[in-house]
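One line per chain: the protein sequences are Z and A, in this order. Letter 6 of the first sequence, counting from 1, is numbered 6 in the numbering used here, and no numbers are missing. Letter 132 of the second sequence, counting from 1, is numbered 132 in the numbering used here, and no numbers are missing.
Simulated from the structure, these hints should not be mistaken for laboratory data. Certain hints may be false.
Since copy identity is lost for identical chains, a pair holds within one copy or between any two.
To be verified - SDA-like, lysine to any residue: derived pairs with alpha carbons at most 20 Å apart:
#1 154 - 86
#2 115 - 46
#3 115 - 105
#4 91 - 9
#5 27 - 129
#6 119 - 29
#7 115 - 23
#8 91 - 144
#9 91 - 46
#10 47 - 104
#11 91 - 140
#12 115 - 153
#13 27 - 117
#14 154 - 144
#15 154 - 58
#16 49 - 69
#17 119 - 149
#18 91 - 141
#19 36 - 108
#20 81 - 115
#21 91 - 139
#22 49 - 93
Protein chains: 2
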Amino acid sequence: MTAPILRPDGLCQVGFIVKDIEASARKYAETFGLPKPPIIQTPGFEKAKTTVAGTPSEATAKLAFFRMGQLTIELIEPDEKPSVWRDFLDKNGEGVHHIAFHVDDTNATENALAKYGIKTEQQGLYTDASGMYTYVDSTAQLGVMVELLESFPKA
Amino acid sequence: MTAPILRPDGLCQVGFIVKDIEASARKYAETFGLPKPPIIQTPGFEKAKTTVAGTPSEATAKLAFFRMGQLTIELIEPDEKPSVWRDFLDKNGEGVHHIAFHVDDTNATENALAKYGIKTEQQGLYTDASGMYTYVDSTAQLGVMVELLESFPKA
Chain Z
1 MTAPILRPDG LCQVGFIVKD IEASARKYAE TFGLPKPPII QTPGFEKAKT TVAGTPSEAT
61 AKLAFFRMGQ LTIELIEPDE KPSVWRDFLD KNGEGVHHIA FHVDDTNATE NALAKYGIKT
121 EQQGLYTDAS GMYTYVDSTA QLGVMVELLE SFPKA
Chain A
1 MTAPILRPDG LCQVGFIVKD IEASARKYAE TFGLPKPPII QTPGFEKAKT TVAGTPSEAT
61 AKLAFFRMGQ LTIELIEPDE KPSVWRDFLD KNGEGVHHIA FHVDDTNATE NALAKYGIKT
121 EQQGLYTDAS GMYTYVDSTA QLGVMVELLE SFPKA
């Protein structure tokens, strides 16, 4: 038992890829008795600084979030440009795409995961630039992609 | 917005199907800096009262649980007999199998979900008979199977 790479209590999100976010958000809202959340359009490279496999990317997505206690459920409708989201939809169709963890230091976490052969696939800023996300491909090791979520300190 | 079929704060588990629970439990334990949990062998029909598609079944599984705040991560290694677990492994390989919710009344929840075309696939008792689980096939509606977990009142 060593220091955790991912803090167990940092588990904060389950992310789903969907084809039609309006339809899926409505179905989830009905099932959970929650209001349909707003649909958020992520910005292009200039604002989001998205990289896919290390290369700047204009890939965007539509997002919707449902708060479920400690967790959020995130729905993601990718656009047509290459991204981890689009790749998942093309290969698997709709389904669970990732589980996300809060991290304090993205770089340190990436380095620790790299020792297990878990590599960064996509990175970018939150829509409001208050933090950054990093998808690492842990599918072979953990059966699902992991997302690292780092909130930047507030000024 | 109506009364929820599944309480948002009842979300309590993400379940993964694995081929080799010893190897997977070791990898998860390393990643999360947690001790490797005990592997639990579920009992056969006489004790677990397992039904698959309404029919009594001797299907069993090996289970391991990691507590992650509000959530547990459950690893499931199915045996060869037909079950929702075996079916998932044969069709999809390893991956996220279900998200689970605490429910107060399994029957009432099944009836409410049936109105959305979401049907019960497998049911059984917890290993210690302190409650029951029910897998409903919500894959078409929610992109993942849902498990209902009901704890029986203590005497």
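Checked hints:
1. 154 - 86: Neither way: residue 154 and residue 86 sit 32 Å apart in one copy and 48 Å across, limit 20 Å.
2. 115 - 46: neither (32 Å within a copy, 45 Å between copies)
3. 115 - 105: within (16 Å within a copy, 46 Å between copies)
4. 91 - 9: neither (31 Å within a copy, 31 Å between copies)
5. 27 - 129: Cα proximity of residue 27 and residue 129: none, with 29 Å in one copy and 33 Å across.
6. 119 - 29: Between copies only: 19 Å across chains, 34 Å inside a chain, cut-off 20 Å.
7. 115 - 23: Intra 40 Å, inter 17 Å, cutoff 20 Å: inter-copy only.
8. 91 - 144: This pair counts as both: shortest intra-copy Cα distance 14 Å, inter-copy 16 Å.
9. 91 - 46: Result: close neither inside a copy nor across copies, 28 Å intra and 41 Å inter.
10. 47 - 104: neither (22 Å within a copy, 45 Å between copies)
11. 91 - 140: Cα proximity of residue 91 and residue 140: in one copy and across copies (15 Å, 17 Å).
12. 115 - 153: Intra 28 Å, inter 46 Å, cutoff 20 Å: neither.
13. 27 - 117: between (37 Å within a copy, 12 Å between copies)
14. 154 - 144: neither (31 Å within a copy, 36 Å between copies)
15. 154 - 58: neither (27 Å within a copy, 56 Å between copies)
16. 49 - 69: neither (30 Å within a copy, 32 Å between copies)
17. 119 - 149: within (15 Å within a copy, 35 Å between copies)
18. 91 - 141: both (19 Å within a copy, 19 Å between copies)
19. 36 - 108: Classified as neither: same-chain Cα gap 37 Å, cross-chain 24 Å, threshold 20 Å.
20. 81 - 115: Classified as neither: same-chain Cα gap 30 Å, cross-chain 37 Å, threshold 20 Å.
21. 91 - 139: both (13 Å within a copy, 16 Å between copies)
22. 49 - 93: neither (26 Å within a copy, 34 Å between copies)
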